[in-house]
Every structure is written in C-alpha cells, then in structure tokens.
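Peer 1: Each chain, letter by letter, is given below.
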Amino acid sequence: MRRLVLMLPLALACKPNLGSPPSIVEGPRILAVRGLPAEAAENTPVTYDVLAVDETGRIATPTIGWYQCDKRKPPADGNAVAAACLDPMDETTGPTFTGDMPDGACKRFGPQPDVDEKMNPIRPRDPDVTGGFYQPVRATLTTSAGDATAFALERIKCRLTGASPEATGLFNDMYKVNDNPTITSLVLDPDNDPVTLFARAPQAPAPAAPTTPVISVGANGGSTLALSWSADSAEAFPVWNVEKQQLDPHHEAISVSWYATAGSFDHDRTGVSETDFATVTTANRWVSPTVVEKTQVHLWVVVRDSRGGVDFAETLVEVVP
Amino acid sequence: MKRRTLAALLATLAVCAPPAARAQDAPSHADGSGPQVTKAPKLVHFVEAVYPKDRHDAGITASVLLTIEIGDDGKVGDVEVAQGAAPDFDAAAVAAAKQFVFEPAEIDGQPAPVKITYKYDFTIKETMVRVGPQVNYDGVVLERFKKRPLARVKVAIKDLGPGVEAVTDADGTFAFTDVPAGKHKVELAHPKLVTVSTEEEIVVGKKRTVKYLVEEKEEGVDEDVVVRAPRIKKEAVETRIRTEEARRVPGTQGDTLKVVQNLPGVGRSAFGSGQLIVWGSAPKETVVNVDGVEIPALYHVGGLRSTINSDLVRSIELSPGSYGAEYGRGLGGLVKIELAPQPKEGVHGYVAADVIDTSAMVSAAISPRLRVAVAGRVSYLDRVLQGVTSSDVGEFVPIPRYDDYQARVSLSLRDDEELTATFLASDDHLRRNIPAADPAQDRGQNSDSSYKRLIVRYTRLLADGSSVAVTPSFGRDRASSDLVFGNGPTAQHIGVDVDTWHYGVRGAYRRKLVPGATVSFGLDLQARAYSAHRVGSANLPSREGDVVVFGQLPPKEIAVDDWDVTITEAAPFVTGELVSGRLTLLPGLRFEPVLIEGSPSRPRSPTEAVRGYERFDLPDNPVGGKSQWLAPLRWAPSPRLVATFRATKRLSFTAGGGVYGQPPDVEDMSPVFGNPTIGVSRAVHVSGGGSFKLRPTLTFEVVGFYKKLYDLVSRSESPSPPVARSLTQDGVGRSFGAQALLRQELAKGFFGWVTYSLIRSERRDHPAQAWRLFDYDQTHVLAVLASYQFGHGWEGGARFRYTTGAPRTPVVGSFLVGNDEFDPIFGVHNSIRLPSFYQLDARFERAWVLRRAKLNIFLDVQNVTNRKNPEELVYNPQFTVKGTITGLPTLAIIGARVEF
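Chains as they are written, first to last, in my numbering: chain Y, 1 to 321; chain B, 1 to 900.
These aren't lab readings, by the way, just hints derived from the structure by calculation. Please note: incorrect hints may appear among the correct ones.
[Stated by the list, open to error] Cross-link-like lysine to aspartate or glutamate pairs, in silico, EDC-like; alpha carbons within 20 Å at most:
{"id": "1", "chain 1": "Y", "residue 1": "Lys-244", "chain 2": "B", "residue 2": "Asp-561"}
{"id": "2", "chain 1": "B", "residue 1": "Lys-192", "chain 2": "B", "residue 2": "Glu-338"}
{"id": "3", "chain 1": "B", "residue 1": "Lys-211", "chain 2": "B", "residue 2": "Asp-178"}
{"id": "4", "chain 1": "B", "residue 1": "Lys-154", "chain 2": "B", "residue 2": "Asp-416"}
{"id": "5", "chain 1": "B", "residue 1": "Lys-192", "chain 2": "B", "residue 2": "Asp-464"}
{"id": "6", "chain 1": "B", "residue 1": "Lys-39", "chain 2": "B", "residue 2": "Glu-106"}
{"id": "7", "chain 1": "Y", "residue 1": "Lys-107", "chain 2": "Y", "residue 2": "Asp-126"}
{"id": "8", "chain 1": "B", "residue 1": "Lys-98", "chain 2": "B", "residue 2": "Asp-121"}
{"id": "9", "chain 1": "Y", "residue 1": "Lys-244", "chain 2": "B", "residue 2": "Glu-608"}
{"id": "10", "chain 1": "Y", "residue 1": "Lys-244", "chain 2": "B", "residue 2": "Asp-482"}
{"id": "11", "chain 1": "B", "residue 1": "Lys-119", "chain 2": "B", "residue 2": "Glu-103"}
{"id": "12", "chain 1": "B", "residue 1": "Lys-154", "chain 2": "B", "residue 2": "Glu-165"}
{"id": "13", "chain 1": "Y", "residue 1": "Lys-157", "chain 2": "Y", "residue 2": "Asp-248"}
{"id": "14", "chain 1": "B", "residue 1": "Lys-158", "chain 2": "B", "residue 2": "Glu-199"}
{"id": "15", "chain 1": "Y", "residue 1": "Lys-244", "chain 2": "B", "residue 2": "Asp-564"}
{"id": "16", "chain 1": "Y", "residue 1": "Lys-71", "chain 2": "B", "residue 2": "Glu-717"}
{"id": "17", "chain 1": "Y", "residue 1": "Lys-244", "chain 2": "B", "residue 2": "Asp-562"}
{"id": "18", "chain 1": "B", "residue 1": "Lys-75", "chain 2": "B", "residue 2": "Glu-103"}
{"id": "19", "chain 1": "B", "residue 1": "Lys-882", "chain 2": "Y", "residue 2": "Glu-26"}
{"id": "20", "chain 1": "B", "residue 1": "Lys-53", "chain 2": "B", "residue 2": "Glu-143"}
{"id": "21", "chain 1": "B", "residue 1": "Lys-452", "chain 2": "B", "residue 2": "Asp-499"}
{"id": "22", "chain 1": "Y", "residue 1": "Lys-118", "chain 2": "B", "residue 2": "Glu-717"}
{"id": "23", "chain 1": "B", "residue 1": "Lys-53", "chain 2": "B", "residue 2": "Glu-345"}
{"id": "24", "chain 1": "B", "residue 1": "Lys-211", "chain 2": "B", "residue 2": "Glu-143"}
{"id": "25", "chain 1": "B", "residue 1": "Lys-158", "chain 2": "B", "residue 2": "Asp-178"}
{"id": "26", "chain 1": "Y", "residue 1": "Lys-107", "chain 2": "Y", "residue 2": "Glu-117"}
{"id": "27", "chain 1": "Y", "residue 1": "Lys-244", "chain 2": "B", "residue 2": "Asp-497"}
Use the sequences and the hints to build the structure in full.
Peer 2: If you want it as structure tokens, here you go:
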C-alpha cells in the first residue's frame, strides 16, 4: 500500500500571556519570611523577619502582623496551610516577631499520635520528602498600596516515629537540626569584568542594604549575575524511608529566587539539586530595562534550602540611558 | 421454487444497454486514396452476458470495453478486454461477445475482416412482463451491519391473512407473487430477531423490491434501552447502502466507536481526557462492556482513538441510564459493544494510516466453519508532533503513545451453535519531562496503562427457539502513574500503581413461554483481585469535588501505602418481555451481593501485625427510608423496568427505571489515603419519553430523566480524620434533564442528526453541606452533524458542537508560602464556569474502487473556524492574573485506507 501520511499546517495550544513574571516587583510584596533558627523543637524560641519590598525598594520598617496558626489542614487540602489560618486573628505587630515553637506542635502538625474529641486516634500528618513537619507562621504586610500575606513554614524538631528503636537511635545520632543557608556573594559579569554587588564573610552578619547604587549599567543590556553561598549551606541529613523501612542519607538542594524592580531575568528561579550539593554557585542573566533617564533598580535574591532554611540579600544598581 | 422464480426474474431484469459498436479505424493509404471502409459491421445476433449474481444483488453496475475481431464472414474471432471492470464482469462480457454474429464490414465494397471496440454495459433495469403469475414483491433480508444474508426469516403479509408468508433462503431472499395492490402490513419474524413490522405499498404493474436491514438480538438480551436506534432499518432497493455510517462522522477520523461522543446525553469531555460523561455521571460510573465483558477503557489516553478496532465491532450502543437487569456495576451509563461475526468466506481486511496512527486488520475463513481475524494499531502522533510543534506544547498537552491489538477465532460447531474466542489488548504510555533552571521545579510524568481480555463466547439457538449464551472471560489490567516534582533523590514522586486480575462468567438462557411472553435468566459473575501501591500527597490524584486550580503544585507531604483488595460479585438476574397489543413491558430483577476481602485494614506499622478484613455486602437499596415495613426491601434484588407503548405506527412512548449499584473503587480503599470500609454506592434512575417517526428514515425522540445517587464517596470534611477514614461515604448526588434527538438515517446518500441535552447535575458531599454543581456538569450540549455522498466516490460532512463550560472554583486571592510558591485562596466552590465551547469540524472523503480493493482517502479538519476554545483556567504563579488554555487550533488530518 502506498502509505499516505500527510499533515497540513498544524499549530498547537500555547501558553497564555499571564503578565509580568513573579521576579519583577511591581507593588508591595513579601518575598521571604525567615525563621531563626530554621528548625526548632517545641517550646524553644524562634525569631522571624521578612523581606518586604515594593516597586521603590525594600520597605525598611514594614508593618507586619504575626500569627502562629494552630489550625490543621485536611490531609488532602491542596494548599500548604489550612484556610482557617487566613481568618482574622489577634496578631502581634512589628517588623520582626519572636515566639516559642508552640507546645503540641508535633501532635498538631507532626507525626506524634493524637486523638479527636471522641478519643479516636486521628490520622497523623505526613512528612515532606525531607522528613519534615512545619508550623505555619503568618506574616501580613500592611501598606497604603495594599496588603500582602506570606507564611513561614518553620520546621519542627520532632522525634522520629514509625521506625524501629535501632533506626530511631541511629537517626538521632545522624540528624542535625537545620540551619539557614548563608549567601556569600553576588557578582555581576563574573567571567568578564566582575563587580561584586554583595559580599559577606562566613559567620559575619549581613551587611546593611546599600543606599546608593553599587554600579551603573547601560540600558537594555544583558548581564550575568552569579550568586554564591557557603559550602555548609547544603547540609547533610537522614530521612526515614517509610516504604523501605530504612534511613536514607540526603543533602539539601538549594533554590534561588531572583527579583528586581525593573528589567527581566532569564529565569525566575535557579538552583542546584541535592546531587550537586558541592556546587555553591548559580547564575542567571538579567537584562536591564530601557530607560530615558538614570534609574535605580533594586535587586534581591532569596536562597532556600530544601528543609525550609532561608537567607536573602539585596543590592542596588543604576541604569543609565 | 421461490428462489428459482426470483432468479428468473433477476435474469429478465439484467438487460444490457443497446450495442454501442464502432468500427476501428481501417488501414488507409498515405495519400488517402487507399482502401476505404464502405460499410461498418452490424451486430445481428446479440447474446446477453450472464450478470454476476452477487454484483446484481448488490446493485453494482459496470462497463467492459472489449476489442472484437470480426472475420469477413461476420463471425467473431478473438475477443480481448481493452478496459476491464472486474474479473467476473470481464469474463461474462467476453463469453457473451464470442457468441455475437455480425454482418461483415466491407472495405471498398468487399467483405473484409476488421477489429472493433465494443462497450458492454452491465446495467440493471426494471422490466415487468405480465406472463402468468408474477413476482411483484420480493427482496432480501440482511444483517444490519455486515450485510450478511439472514436465512429462515419468516416474512408475512399480515393483513392478507394467515399463511401468506415466505421464508428467506440461504441468500436471504424472499418473493411473493401477485400480491394485491395497496398498502400491506409486513412482519419479519425469527427466533434471533425482535419481531418487527413495517408497511409496504404495492402498485399495479410495478414490482416492489426491498432490502430489509435487521439487527439480530443478543442472546438473553432484549431491548433495554430507552434511547436507541430502532431494531429494524428498512431501505428501498434504489437507496445506496452504506455500512459505515459512524466511520464517516466528522472529527472521528474514521473511528466508529468515537461516535459515542456525539450521542444524546453525552457531555463533552475535557480536551485530551477521552472520558465519557453521561447524563451527569462521573466517567468512572459509566461501564463499557464488550460482548458482555467489562473493559476498563473505551478510548486510549487522550481520547484520540478507541481501544478496539472498529472493523471488529458490529454495533455500539449507549444506554445513558434505565437499562435492563442483565447489566450492573455502574451508577451511570452503559456502553455495549458487540463484536462482529467474521465473513464466512474469503480473506478480507484493511490497512489504514493517518498522522495519528496506523492500523490493519485481516480476517480469513479457514474453512466454512472456522474463521480467524487479527487486527492491530500503533500510534506515532507523539513523534510526528515533535517535529512540527514548539517544545512547550508538552507542558500543557501531553501526547500519549498507544497500541492495541486483537485476535478472534470463531468456530461454528453446528448450525446455530457457535464458539468464539476473542483476545483484546490495549497499551498506553505517556512520558513528559519539563526541565527548569531550578532543579526543584523540574517536572516529569510517566504513565502506563494496559488491559488484556480473553473472552470465550458460546452461543446456541435451540430447536424450540430458546437460546443459550455463556461467556467466560479472563484478563489483567495494569495502571501506573508517576508524577515527579523536582530532581534528585528527594524529588517528590506522586504515583499510583494498580494491578488487577479479572475473572468473569456471564451466562444467560432465554425462551419464549407463550406468545407475547419471553423470559430470560442468567448469572453475571465477576471477581477482581487488585494489588495497589500509592505514594505521594493525599490530594493527588484529585477526585471529583476537590477544590483545585490547574497548575497548582501539590502539597509537599508524602505518604506510602500498599494494599490488596478482592471484590467478587455474583449477580443472578431475570428479565421478561411481555407484549400485549401495543404495550411492551420489560421487567427485570438483579440481585447484587458483593464479597469484599482486603488487607490491611489499618496503616502498616512496624509494631502491629497486618490485619485483613472480609465482609459481605448485601444490596442496600435506597428504598423504604425509615419505614419499618419497607425495610426488607432494602435487601431485595434491584428492580428494573422498561415499558413501551406504541400509540400509532409512528408514535411510541417509553418509560424506564431501576436501581443500580457500583462496587467501590479500589483506589479509595487504602488505609492511608482512603477508607477500607468503603462499600457499594447506589443509584435510582427514572426516565421517560417519546419517539415520533416523521418519515421512514427521519425520527424525532425526546427523553426526560432523573437520577439520584446515594452513598457516594467523598473526602472527609474533618481536618483531622480518624486513622483509615480519610474518605467517607455519605455523599449524595442528583442529575436531571432532558434530551432531544432528530435523526435522519442513511437515505439517498445523506445521514445526520441534531441532538440537544439540557442537564443539571449536583452533588452534596456531606449531609450538612449545601448542594454544589457536579464537576462535570454541562447545562447545554448541542451536536449537529451531517454527511452526504456527492457521487463519483466523493462525500463530505460537517459537525458542530456546543457545550456549556464546566464549573470551576474561582481564585479570589493568594499568599506566599514556603519555597517561593503561592497558594490560592478560593471563592465559592464551582461557582464559575469555563467559557462555552463550540467548534465546527469537517470531513471529506474520496473512494476509488480498484480491482480487488477499495481505496479511501480522507481529510478530517477539526476546528475549521480556528476558534480558540478555552479548555482550562490558568493563573500566573502569584494567582493575580487569570488566563485560559485554549484547545487545538485548525487541525487537518489526511489519512488513507485500503480495504480488500
């Protein structure tokens, strides 16, 4: 048979235009909520701060309402926190918040057995892929241009359940509570004429946000931005494999979110997988905006490890026509 | 006797056209002064060619161009075929021409040998010669789909009194002589047929030749469908007959089974899903049976093709509800596919290809009693699209790869006794990998599904007219899905694997008790052993009623479970057919106890021994309520009833109803993700309507329906459900509406239909909650399609569809959470809808009849107007901007098919 397979002009479904990418800041937003420490046991204090920004730059003293939610979400709820956590509650207001990891967090949001009002054992919470359980902490930014809500998911240090005593003992020996990752540098055009936009020595506090531009760049020009973090940011940790009933060794993966008040990035997020944990840098390309006069552009990066640790940094560049 | 009479008549009908001889150019001198043909040869003795009988019966005409040598004595010498039609036509024409006698041609006034070309036309012309008793009403009775002659069918002219009847011979033909002029009531009867009546008008001096296309009964099964094509379809002899009406429907790419998507009461499934949404029921609530055996999927993943080769299918019927007691295990509709008997002689088959896939089928009669057939299909659309589309297509439109294959062996043990073994297999695979600059945002999908069925079917028609059918079956279904979010060892996997072994036996015995009363009873036994494994978030795969938004990443939580369940259901049933005058009643009872065994009953734990469970679910019919005296009815067999009243010859009314049950979905019975105590869900169907035959081939039908569903499975509304109780079974549902169908059956090359359904379907997941719209609810469903044969092998058709958009839950806000991801804040559940869908499709086809084959080339154009139909709502990552994913733009598919 003479096979006849022809295809006339074909085009298929395409992505709809959904406006600006999330990396471009066009109004008040919370870009990150950070807990310090990144993992805490019940009844131990945690201090939270935020990276709150708008199109003019970082909001220096944001008005944040804080609320540690104690509402469970149904197991099959597609969201990370219960809808009830969005209900109006008495909040603590301030740019930062310090509170103890609530008593009972490991029953409420963790693996430890609990019962309902009829004393029936309830279904325990499921861990994430890193074996973690999280306390939701709500941060609501209030500005004259609008409000923005974000949740920190503070990792709860709970005891391992469902494993043999031997495995539990080994787990306790191996497990190290999570620390936030540490950004060490942000460099512009690292391969040609590198300019350091942000730098921090190991164990040193983050430098204050720049008030004047670190560098001037031409309009509508592409630049490579290289972000580095400390070698101990991607930590090792064990996970109890329920399916195989064994402890699996893992390293944290690192994700980097990029933000700017103008211009565009090739990628909103970059990162390295846990198999590349020795890699401590990632790069992205930023194209400066088209401007008719000198314009300051704020750049932020937020680094997250896969156990919920957060760090962020910022810089300021000037774009000239 | 009748057969000989008919044959004689057929011979008088086959008269060739007037001889159309013309002299071949005679040799001439270069200067023009040479010998001249002074007299052309003249045919003085014409011999009529023997018209090949099967061609004549089929109404096939032909022309054969012959080269005839005529000697100087006028006798015919060599005869050659210059342009043939078909071997049998050619041979007949040559044999006749060799007996011709001519007056010789003359050249320059002297008889001389010449060679001429002669066109022999085989045409059919009706000529009545009144010489003694004459056949003035005859015809043939054929099986409706394969046009197989039906023998021993009694054709009676009822109004002329008892005994005025004829019985069809082996060729399905019958004849009557000297039937008085006027309108007569004709009845066709046979144990394998539903007795049908029609009317014929005999005109003085004219012979009425008819062709009746009749559908055989299934053994043990009778008309149980409220909305269906009539059992009998009559076409006059002059009507061109097409056997593949469904194959010609635009937008189906020649796949007969895809025509179901255009039938009344069927909603439009989301693009790429291939689901059947019937009368507001969930896709999983509609059961698909092949020769009485359940298969898991009618269509391949994506809905591009059906999983069974169309050429093996004799009929497909959709019962949206209120079907008979022979079938169960579904709360929604019923799709019955009957496989076709294989040709009793010769080798037949086809090869077809288009941009989607290639398929082929071969059927051969090894002996008069033994027939075999094999068929297969393999797709390559994914590879075709890779070359012509952008790389991000796969992000929104997964392109599946599939194959299916079938084998069938039929052995006629005796007359009216047959043993058939059928093997069906289908595979689907889907692979997607969408890398990202952040490995945590990588996505992948690996899905595989397959089923295999071995169906053995024994049927016997007994001498007393009763019938027996036994259908044992065995098979295996496998389905696995793995969604991957992220990269590396801590990538999040969300997957479900279910391995199912299927065992079944269906048996039915049917016999006529007294005139007007027939009973059949049988047993429908099915056992299924499932082994399931699931890993991932509890909310994926999502289920009907979940509040979701397209594109939202799943929660980070993961859980794991392995569980086994065996569900055995032995359902005895009994049905009756009671005919009293114009009223036909089809009552039925079906008893559906279910044995459920499984393990474990609670999540596995290193500190607890695994414990299984076993329970016997008796029917829990949703009747009686709290009434004490009605309480025993809850364990009674499920009643079914269809009643038909033929008010006039053209107008009939039908009503039906029944109680239906569906065993639990094993995926719901995980102790970790679901609830092992889930049992049978129940439904009550009620429907009624009428059918009016506007013309012999034009029918208008309207049906109203109401369905109530009980014990539906839904998510626990508690944020902290007890262990092994993540799902509950206190949901209810209701759907109601009406559908109308105006259908023109194939006549004069045209067929088509207009169908409109008005449906409302709602669910209430828990008693304290309010009713909400069902996820698949579509208020208006309109389909208009038509196909016409233009002649010379050309035909074309068009289809227009309109449906209301499916409900969706609006996103009214969002918040940042965790790893730079936003979660939506939802508005009222299912309170908005996708925009309406409407699309125009067209199909053009050209057929060529070759010597031993037929070639069809078709062009199927989907979405002719290039409308951007919204298929799904999609949001930007922050859920602040809403858009829509649109379906396929204009898509033109060319394909070819060769039949032999």
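Peer 1: All the hints need checking, so say for each whether the structure fits it.
Peer 2: Hints, one by one, checked against the model:
Pair hint Lys-244(Y) plus Asp-561(B) holds up; C-alpha atoms about 11 Å apart against a cutoff of 20 Å. A hinted pair counts as satisfied when its Cα atoms are at most 20 Å apart, and Lys-192(B) with Glu-338(B) qualifies at roughly 15 Å. A hinted pair counts as satisfied when its Cα atoms are at most 20 Å apart, and Lys-211(B) with Asp-178(B) qualifies at roughly 19 Å. With a C-alpha separation of about 17 Å, the suggested pair Lys-154(B) and Asp-416(B) falls inside the 20 Å cut-off, and the hint holds.
Restraint check: the Cα-Cα separation between Lys-192(B) and Asp-464(B) comes to about 12 Å, which is no more than 20 Å; the hinted pair holds. Our distance criterion of 20 Å between C-alpha atoms is met by Lys-39(B) and Glu-106(B), whose separation comes to about 5 Å. Under the criterion of a C-alpha separation no larger than 20 Å, the hint pairing Lys-107(Y) with Asp-126(Y) is consistent with the structure, at around 12 Å. Among the hinted pairs, Lys-98(B) with Asp-121(B) is consistent with the structure: their alpha-carbon atoms are about 16 Å apart, no more than 20 Å.
This hinted pair checks out: Lys-244(Y) and Glu-608(B) have alpha carbons roughly 17 Å apart, not beyond 20 Å. Only pairs whose Cα atoms come within 20 Å are accepted, and Lys-244(Y) paired with Asp-482(B) is accepted, the gap being roughly 18 Å. Under the criterion of a C-alpha separation no larger than 20 Å, the hint pairing Lys-119(B) with Glu-103(B) is consistent with the structure, at around 18 Å. Restraint check: the Cα-Cα separation between Lys-154(B) and Glu-165(B) comes to about 7 Å, which is no more than 20 Å; the hinted pair holds.
Proximity of Lys-157(Y) to Asp-248(Y) is assessed by CA-CA distance (about 18 Å); at most 20 Å being required, the pair is judged to hold. Of the pairs offered as hints, the one joining Lys-158(B) and Glu-199(B) holds, with about 10 Å between alpha carbons and a cut-off of 20 Å not exceeded. Proposed proximity of Lys-244(Y) and Asp-564(B) is supported: the alpha carbons are some 18 Å apart, at most 20 Å. For the suggested pair Lys-71(Y) and Glu-717(B), the alpha carbons sit about 14 Å apart, so the restraint of at most 20 Å is met.
Among the hinted pairs, Lys-244(Y) with Asp-562(B) is consistent with the structure: their alpha-carbon atoms are about 12 Å apart, no more than 20 Å. For the suggested pair Lys-75(B) and Glu-103(B), the alpha carbons sit about 8 Å apart, so the restraint of at most 20 Å is met. Between Lys-882(B) and Glu-26(Y) the alpha-carbon distance is near 17 Å, which keeps this suggested pair within the 20 Å criterion. Using a Cα cut-off of 20 Å, the hinted pair Lys-53(B) and Glu-143(B) holds, with the two alpha carbons roughly 19 Å apart.
A hinted pair counts as satisfied when its Cα atoms are at most 20 Å apart, and Lys-452(B) with Asp-499(B) qualifies at roughly 12 Å. Straight-line distance between C-alpha atoms of Lys-118(Y) and Glu-717(B) comes to about 16 Å, which keeps the hinted pair within the 20 Å bound. At most 20 Å may separate the alpha-carbon atoms for a hinted pair to count; Lys-53(B) and Glu-345(B) meet this at roughly 16 Å. Using a Cα cut-off of 20 Å, the hinted pair Lys-211(B) and Glu-143(B) holds, with the two alpha carbons roughly 10 Å apart.
For the hint pairing Lys-158(B) with Asp-178(B), the CA-to-CA distance comes to about 15 Å; that is within 20 Å, so the pair holds. As the CA atoms of Lys-107(Y) and Glu-117(Y) are separated by approximately 14 Å, the hinted pair is consistent with the 20 Å bound. Of the supplied pair hints, the one linking Lys-244(Y) and Asp-497(B) holds, its CA atoms being roughly 17 Å apart against a limit of 20 Å.
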